[in-house]
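Student: Residue numbers (the numbering used here), protein chains in the order written: chain E, 1 to 112; chain S, 1001 to 1112.
Listed below are the simulated DSSO-like cross-link pairs for lysine-lysine, each with C-alpha atoms no more than 27 Å apart in a straight line:
id, chain 1, residue 1, chain 2, residue 2
1, E, 57, E, 69
2, E, 65, S, 1099
3, E, 18, E, 69
4, S, 1099, E, 57
5, S, 1070, S, 1056
6, S, 1099, S, 1070
7, E, 17, E, 65
8, E, 18, E, 65
9, E, 71, S, 1099
10, S, 1099, E, 69
11, S, 1070, E, 57
12, S, 1070, S, 1059
13, E, 57, E, 17
14, E, 17, E, 69
15, E, 57, E, 18
Please keep in mind that the hints were generated in silico from the structure rather than gathered at the bench. Bear in mind that the values here come from a model prediction, so they are computed numbers and not experimental data.
Chain residues, written in single-letter form:
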Amino acid sequence: EAQVTQNPRYLITVTGKKLTVTCSQNMNHEYMSWYRQDPGLGLRQIYYSMNVEVTDKGDVPEGYKVSRKEKRNFPLILESPSPNQTSLYFCASSFRGYNEQFFGPGTRLTVL
Amino acid sequence: TQLLEQSPQFLSIQEGENLTVYCNSSSVFSSLQWYRQEPGEGPVLLVTVVTGGEVKKLKRLTFQFGDARKDSSLHITAAQPGDTGLYLCAGSLNFGNEKLTFGTGTRLTIIP
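Looking at chain E on its own, in the form it has when it is part of the complex:
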C-alpha cells in the first residue's frame, strides 16, 4: 500500500530535550516536506527536500533541522524544543513540489 508513515503519532516532552520525528514514504517520491498545523494558520511549511541531500527552508524553519540521506526518509529534528513548537506536524511527499501531496497521519507534539 502506497503510504507516508510518521512516528511517533503522539509525543509529550519537556523544553530542551532533543527529539526526532521520523517520516518514510514508499512511493519513490523525490519531493518531501514537513508542515506544522496550528489553529487559524493552516499548514505552514517548515522544510522541504527536492531530492537526496537537497534540503531547503520553508516558511517557518527556525528551531528545526532536517536531513535527506535516503530517498524514502526525511526526519525532522528539534534540537532544543520550546513550548511554541507545540503543534500538529505533517510529513508529505510528492513527485514534484507542485504535484499532489501525500500526507502522513500526523504527529501531535506537546512541549512542556
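Once you have looked at the hints, place chain S on chain E.
Tutor: Relative to the frame of chain E, chain S by itself:
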C-alpha cells in the same frame, strides 16, 4: 501575512443546504489544489485546477479557478454529514516553482 486567505473560517449548516467557500489571494497561481482533512488524518487531495476560468466537478462538489488565477471557490450542493471536515486550498506561484502554499482553511460542519 498569508498568501492564501480562505473564507469563511468556520461554517456550520444543515444537511441538504448548499454552500460556497472561497480561497483568495493577491498573487497569481499557476495551479491550485483543494484538499479535505478529516480529524486525526492528513489532508487528501480533492482536485487540481490549472487553467484560468476552469470548472471541475466531483459529484456534488464544484471547483472553480478564477479567470485571473488569483482565487478559487468550492461549491457543495445538498451538503451531507460526510462532507464535514477541514477544507484547504493550496497554490503553486510559478510554473516550475516547487513550493506549495496552503491557505488558512475552512472548517465545515454539516448538521444531520
